[in-house]
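Protein chains: 2
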Amino acid sequence: MTNRLKADLVETSQFGRTPPKKIESYDQLDPEKGVTRPDGTEENKKIRDYTVARMKEAGLQVKIDKVGNIFGRKEGSRTDKGTVMSGSHLDSVMNGGMFDGVLGVYTALEAVRRISDEDFGNERSLEVVVFTGEEGSAFTPALLGSSVLTGKVSVDEVLNRKNAAGQTLEEVLEKIGYKGSFESSLDNVEYFVETHIEQGPILNKEGISVGVVEGIAGITWILATILGEENHAGTTPMKVRKDALVAAADIVAFAHQRANEMVDKLGSATVATVGKLNVFPSWFTVVPGKVEMGIDIRDVVPKNLESLENEILKAMEDTGQRYGVDIRTEVQHIHVPVTPSAEVVNIIDSSASQVGVTKKRMVSGAGHDAENIAEKVKAGMIFVPSVNGKSHVPLEWTNWEDIENGAKVLTQTLKNLSRL
Amino acid sequence: MTNRLKADLVETSQFGRTPPKKIESYDQLDPEKGVTRPDGTEENKKIRDYTVARMKEAGLQVKIDKVGNIFGRKEGSRTDKGTVMSGSHLDSVMNGGMFDGVLGVYTALEAVRRISDEDFGNERSLEVVVFTGEEGSAFTPALLGSSVLTGKVSVDEVLNRKNAAGQTLEEVLEKIGYKGSFESSLDNVEYFVETHIEQGPILNKEGISVGVVEGIAGITWILATILGEENHAGTTPMKVRKDALVAAADIVAFAHQRANEMVDKLGSATVATVGKLNVFPSWFTVVPGKVEMGIDIRDVVPKNLESLENEILKAMEDTGQRYGVDIRTEVQHIHVPVTPSAEVVNIIDSSASQVGVTKKRMVSGAGHDAENIAEKVKAGMIFVPSVNGKSHVPLEWTNWEDIENGAKVLTQTLKNLSRL
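In order, the protein sequences belong to chains A and B. Residues 1 to 420 (our numbering) make up the first sequence, in order. Residues 1 to 420 (our numbering) make up the second sequence, in order.
I should point out that these hints are in silico values taken from the structure, not numbers from a laboratory.
Identical copies carry no separate label here, and so any pair may be met within one copy or between two of them.
With a straight-line cut-off of 25 Å between C-alpha atoms, the simulated PhoX-like cross-links for lysine-lysine are:
#1 LYS22 with LYS46
#2 LYS242 with LYS265
#3 LYS290 with LYS33
#4 LYS360 with LYS239
#5 LYS205 with LYS242
#6 LYS265 with LYS303
#7 LYS46 with LYS56
#8 LYS290 with LYS205
#9 LYS303 with LYS239
#10 LYS265 with LYS239
#11 LYS56 with LYS22
#12 LYS63 with LYS45
#13 LYS46 with LYS179
#14 LYS205 with LYS239
#15 LYS179 with LYS66
I would like the entire structure built from these sequences, with the hints used as guidance.
Structural data, given as structure tokens:
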């Protein structure tokens with residue numbers, strides 16, 4: 001059975017890779033050459049076509065909705081009960097890894113195939129889903145397909161989004177043959193489970209096969225422009241400078257220190273990152289006149305996230321005054337923290353015990369389609385380990401035994417949910 | 001008399017400005033449009049031609065050396081005594097100001113003109129000098145012409161330097177007609193005085209017309225590459241990060257704080273600037289994996305400069321260990337501190353008193369041709385105020401009364417030196 005799932009993942013690993021190359025083991029990865037499959041590209045069409053063929057081969061009824069989301073359905077015996085849905089996405093970041101998204105689609109397909117093979121007799125219908133545009137690599141924002149499904153954005157709005165080449169999503173979906181005619185909804189869906197690579201180092205480091213996600217971090221972005229005074233580095237005395245980078249360094253240190261303190265004192269999963277920082281003009285002999293910075297803060301506890309945001313904004317105010325620089329800020333609440341359904345979390349957890357797979361309760365720091373779906377449907381996530389915590393890079397890898405363990409837990413979870 | 005000097009500075013202000021525009025007052029400056037006259041350009045030829053014409057008009061014997069340095073000589077009555085030389089440069093940075101360098105050439109020319117007009121009768125010969133390639137904006141390194149004069153670099157080496165277009169200095173000098181045939185030296189020069197804009201805010205802030213330079217800062221550059229670990233900002237816990245930017249922020253703060261402490265405790269003119277800082281990949285959701293930074297430190301006291309260099313290198317080592325990042329450093333000693341001739345400094349000072357111009361002893365934080373010449377000849381510098389301390393930008397400005405005061409002090413200084 002493992003061979004079928006592995007074969008699909010090896011086969012799909014070539015799509016979006018230049019030149020196409022199937023990867024079976026970590027040492028075949030090229031650190032420079034990952035996969036690139038934004039929605040609407042020829043490579044995106046190839047992996048969609050391959051997946052639809054596998055769904056049909058497995059006896060699923062396949063439907064494509066208006067924004068290109070793909071659904072493969074195995075009818076249950078109790079059509080009066082809501083559907084159990086599972087899946088993820090097939091699009092990728094530029095030069096990313098082979099498992100991000102794909103693993104969630106293929107473990108779901110494999111679970112349904114095993115359920116069929118065993119003649120398990122699912123009461124609830126099962127649906128394997130492929131969401132359009134999770135990564136935001138062609139059409140922004142990210143999580144596009146699942147946002148339509150929850151009604152966050154309208155079908156028309158999404159179809160009119162343009163990629164960098166100026167094409168609308170509608171145009172590219174028509175071009176690759178994935179502009180469907182029906183408007184999907186979650187009205188008849190009761191449960192949703194997404195399997196995904198952790199994209200962080202915890203499971204791999206601790207040698208645990210499966211993470212049971214009990215919280216999805218909210219994300220807040222603070223954008224700041226620091227305006228100091230550009231001056232000659234040799235002739236401007238220290239005491240009269242308004243150095244935008246010195247002020248920025250203060251903020252970098254503060255954000256890092258506060259997040260660390262919160263982890264220490266609250267045992268929280270708080271993270272704060274000044275990932276973006278650009279200095280102008282960035283030359284030896286010029287006191288920096290301007291710095292643009294972007295801070296990403298995340299926590300699963302709403303009040304932690306809020307207080308960290310406020311503390312950083314306050315620190316920026318203080319820093320501005322201390323150094324006589326003007327700090328302009330803009331806050332973007334990317335999304336609030338999401339708590340998965342306790343019922344689903346418990347079922348994933350007990351399913352892992354049933355099939356004898358090691359597991360750990362954990363939080364998700366990255367954004368996933370499941371966080372959208374969780375707003376409308378009882379939803380949960382299963383993580384599998386990422387070797388060295390790497391993701392969104394060509395060296396993204398998950399060991400085959402962990403993938404098989406993840407598939408086992410998902411299969412058992414879908415079985416259990418389908419009989420509820 | 002002032003009108004002649006002002007007229008020359010207004011006339012030369014158009015060369016290298018697009019479109020050409022003569023500037024008579026601060027409010028005519030366009031913050032976007034400065035002057036661009038790297039050596040060998042058509043615009044550089046124009047200002048050289050204009051200057052040579054003015055030298056000849058003033059009765060000076062004009063000679064061009066092999067690297068394009070221009071000398072305008074007024075013979076003295078005592079040819080057994082060494083020459084008194086004064087001047088600066090006519091090349092500019094890209095989109096720079098109208099006074100940097102030009103002021104030193106034209107105040108020297110004006111001083112010699114006044115000395116002739118008065119029939120003062122200089123004993124020592126006087127020479128107005130224009131150095132090639134002070135700014136390093138076409139051919140690196142900076143201070144090219146004066147480096148040849150002191151023998152630091154050979155004529156052949158300098159002539160074979162190439163600009164960004166791949167042309168040698170020899171080619172471009174031939175093209176603009178400034179490839180002379182004689183090899184200049186400082187053998188018969190006794191004294192050198194350079195008038196220059198301060199390029200800093202001190203004189204302007206304190207309302208003093210002239211700075212008597214008693215020290216020229218040494219410059220050390222520390223280049224550092226910080227190698228951390230690029231990771232997902234959402235999924236990488238705080239405790240396992242190796243954030244290159246957090247480490248860099250530590251160093252920025254340290255350099256700023258230590259330089260400030262030295263100023264406070266030692267009353268020194270120490271400056272430390274992290275002017276250059278580039279973060280990779282510089283995006284919100286990625287923990288920075290690499291930072292490249294450039295630190296410029298300056299002081300007129302050799303041991304201050306040395307101890308600050310060592311303290312920063314030590315701090316980098318500590319920071320590297322604290323954050324588990326690899327910090328690779330390279331130190332470039334751009335030049336050591338230079339002490340102008342006490343004799344010349346005292347004569348400039350007493351000359352200012354003689355002509356009733358307010359003055360202040362100060363240090364030069366920027367590099368100038370005088371620092372080269374001071375290695376071989378008794379040399380000094382006169383500073384005039386820069387409005388708001390601005391230089392190397394289109395809004396570089398010095399008020400006309402300050403220019404006249406600078407010219408008066410230089411004229412008196414050259415008179416006094418010529419009779420020594």
